[in-house]
Amino acid sequence: MSPATPAPAAPTNSREITYVIGHKNPDADAICAAIAYTAFKEQRGEPNFVAARCGNSNVRIDTILHRFNQPLPLYLSDVFPRVHDLMTSDVVHISDDATCFEALEVFERRGVSVLPITDKDRKILGSLSLAQMGGFFVPHTQDPRRMREVHTSLSRIVRSLSATILTATDIDRLETLYVHIAAMDIASFWKMSERENIPASQSITIVGDRKNVQLRAIEIGSRALIVSGGRAVDPEVVALATERGTCILSSPHDTATTAWIVRTASTLERIIDRDFKTLSADLPLTLARKQFSPHSSHALLVADANGTLQGILTKSDLLRPVGKRLVLVDHNEMTQAVPGADQARIVEIIDHHRLGPINTQQPILFINEPVGSTCTIVADLYRREGLTPTPDLAGIMMSGLITDTLLLKGPTATAKDAEILRWLSGIAAVDPNQLADQIFSSGSVILGNPAKQVVRADFKIYTEEGVRFSVSQVEELGFRNFWKHATAIEQALQDLRDTEALAFACLLVTDINTQNSVLLVKGDPSVISRITYPHVKNEESFELPGIVSRKKQLIPYLGSLLREMADDDELPANPAPHR
Numbered sequence: 001m002s003p004a005t006p007a008p009a010a011p012t013n014s015r016e017i018t019y020v021i022g023h024k025n026p027d028a029d030a031i032c033a034a035i036a037y038t039a040f041k042e043q044r045g046e047p048n049f050v051a052a053r054c055g056n057s058n059v060r061i062d063t064i065l066h067r068f069n070q071p072l073p074l075y076l077s078d079v080f081p082r083v084h085d086l087m088t089s090d091v092v093h094i095s096d097d098a099t100c101f102e103a104l105e106v107f108e109r110r111g112v113s114v115l116p117i118t119d120k121d122r123k124i125l126g127s128l129s130l131a132q133m134g135g136f137f138v139p140h141t142q143d144p145r146r147m148r149e150v151h152t153s154l155s156r157i158v159r160s161l162s163a164t165i166l167t168a169t170d171i172d173r174l175e176t177l178y179v180h181i182a183a184m185d186i187a188s189f190w191k192m193s194e195r196e197n198i199p200a201s202q203s204i205t206i207v208g209d210r211k212n213v214q215l216r217a218i219e220i221g222s223r224a225l226i227v228s229g230g231r232a233v234d235p236e237v238v239a240l241a242t243e244r245g246t247c248i249l250s251s252p253h254d255t256a257t258t259a260w261i262v263r264t265a266s267t268l269e270r271i272i273d274r275d276f277k278t279l280s281a282d283l284p285l286t287l288a289r290k291q292f293s294p295h296s297s298h299a300l301l302v303a304d305a306n307g308t309l310q311g312i313l314t315k316s317d318l319l320r321p322v323g324k325r326l327v328l329v330d331h332n333e334m335t336q337a338v339p340g341a342d343q344a345r346i347v348e349i350i351d352h353h354r355l356g357p358i359n360t361q362q363p364i365l366f367i368n369e370p371v372g373s374t375c376t377i378v379a380d381l382y383r384r385e386g387l388t389p390t391p392d393l394a395g396i397m398m399s400g401l402i403t404d405t406l407l408l409k410g411p412t413a414t415a416k417d418a419e420i421l422r423w424l425s426g427i428a429a430v431d432p433n434q435l436a437d438q439i440f441s442s443g444s445v446i447l448g449n450p451a452k453q454v455v456r457a458d459f460k461i462y463t464e465e466g467v468r469f470s471v472s473q474v475e476e477l478g479f480r481n482f483w484k485h486a487t488a489i490e491q492a493l494q495d496l497r498d499t500e501a502l503a504f505a506c507l508l509v510t511d512i513n514t515q516n517s518v519l520l521v522k523g524d525p526s527v528i529s530r531i532t533y534p535h536v537k538n539e540e541s542f543e544l545p546g547i548v549s550r551k552k553q554l555i556p557y558l559g560s561l562l563r564e565m566a567d568d569d570e571l572p573a574n575p576a577p578h579r
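Following UniProt numbering, the numbering of the sequence shown begins with 1 at its first residue and continues without gaps.
Just to be clear, a hint being listed does not mean it is correct.
In the DSS-like style, the derived pairs of lysine-lysine whose C-alpha atoms are separated by at most 27 Å in a straight line are [stated by the list, open to error]:
id, residue 1, residue 2
1, K24, K41
2, K409, K290
3, K452, K290
4, K484, K537
5, K277, K290
6, K552, K24
Just so you know, the hints here were simulated from the structure itself, not pulled from any lab data.
Input sequences plus hints: build the corresponding full structure.
Next comes the structure, spelled out in structure tokens:
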């Protein structure tokens, strides 16, 4: 069965979102509490809270969501900070046929130190840094030709100078030219040019209103003559230039400024770094940091699989605080939280379980009550605030409460749970007994899933006395389905224990009707031998009459066994991590 409405899309601006999320392998209470608390926040006028989950749904959860018209919360496989959490997406980029002048304008206007170079489709061709620009404009002095070289077109020079064209020949051709400033005696000037072995056809002569130099430059075949200072050019000079094919440009700037700007008219093609590396937007920041070295570029480009520019990540970005904002519901231990929660900003915790070791960056709101479900706590928050949930949300909270307390029959149920259930029932106009029948008869976890999913359907890892172990739980109508598939489930539980490197792994199968359970254990024999409940079928299966609560009955029992073993110096070792 599928939810009646589609799952929400991931928010586009993840930096402003707070995710309300339950534990790994969520049960109905974790899902329902996330939905209800998100709605509570919205009703209080607190925007940007999103219900989320870090595990798959199941038939029971789908039944609840369909019954009360709620979408399945957003799936988060992890909340590790990633490149997209810190990168700049609105990044300016230019093409490789742009000029240094245009690049410098962007550097100054945007205050950036690295520019992506792209084609018209935003495919990355390379990058350009201010350091590279400096290397171009201040080359080694042993090579004077490099100081004069400019790879460009005359039309680009016109654009950079805001020059006036007096004569023009093939000004859009891309070519390598050399800049000369006619500031000395005419004879000395041309001797210097000859020594540098620069053909006149590749020469750009910058000169003031010196007619003799202008004419001489045209006579020897200079590619272009740039007259600085906006000075008038004699018609005789213009006529000769037209005849010989020399371009004359009138620059509004003085000679020194004109010479500088002409060099900035060089295209970026020969300057850009084409030996670049890119990052994926989904790359965890821990890995992205390793791509930077003390001598590496100040910034790295972010691209998709096709090489299309998505953003830019700088070293200074890595210094900014980062981490998704989380509200943890129905758990408070890091071993049960979405992967990466220890690197996120946990801002609230709403829970009804024992307190585990947890560190937060700031003081937070932490509500922990000894009641039967997290939905009980959330519903009570509505009451305290004088808010009334919608009938569907009331039904959602009823469902979480009913499943976690087994319709108030489980040992975790309290008088407050019963009081809240009555209040919610009145709002939802739903009979709790009828709702419980619909939920618990909605399908067998064992029949509806492969064995490896059965043991992970509601799976939690614990640590007691330094020993890592897990307890999974499924609720069935009788044990027939379990015994029919016991062999496959036993193997799946053993595989889970090996994969997670646990001292032992347990599966608690609870019969909702009789309020009894069967416990299956795989792992260290020293632990199994200490369990005092009667065996059933084999040495690793136990009959647990009246035991239905993992939290309030089984975990305390297993904890007491481990404390006894610690006193006897017989604690089992944790296996090495699975490779």
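Okay, the hints, checked on the actual structure:
| no. | hint | in the structure |
| --- | --- | --- |
| 1 | K24 to K41 | holds, 23 Å |
| 2 | K409 to K290 | violated, 54 Å |
| 3 | K452 to K290 | violated, 36 Å |
| 4 | K484 to K537 | holds, 12 Å |
| 5 | K277 to K290 | holds, 12 Å |
| 6 | K552 to K24 | holds, 19 Å |
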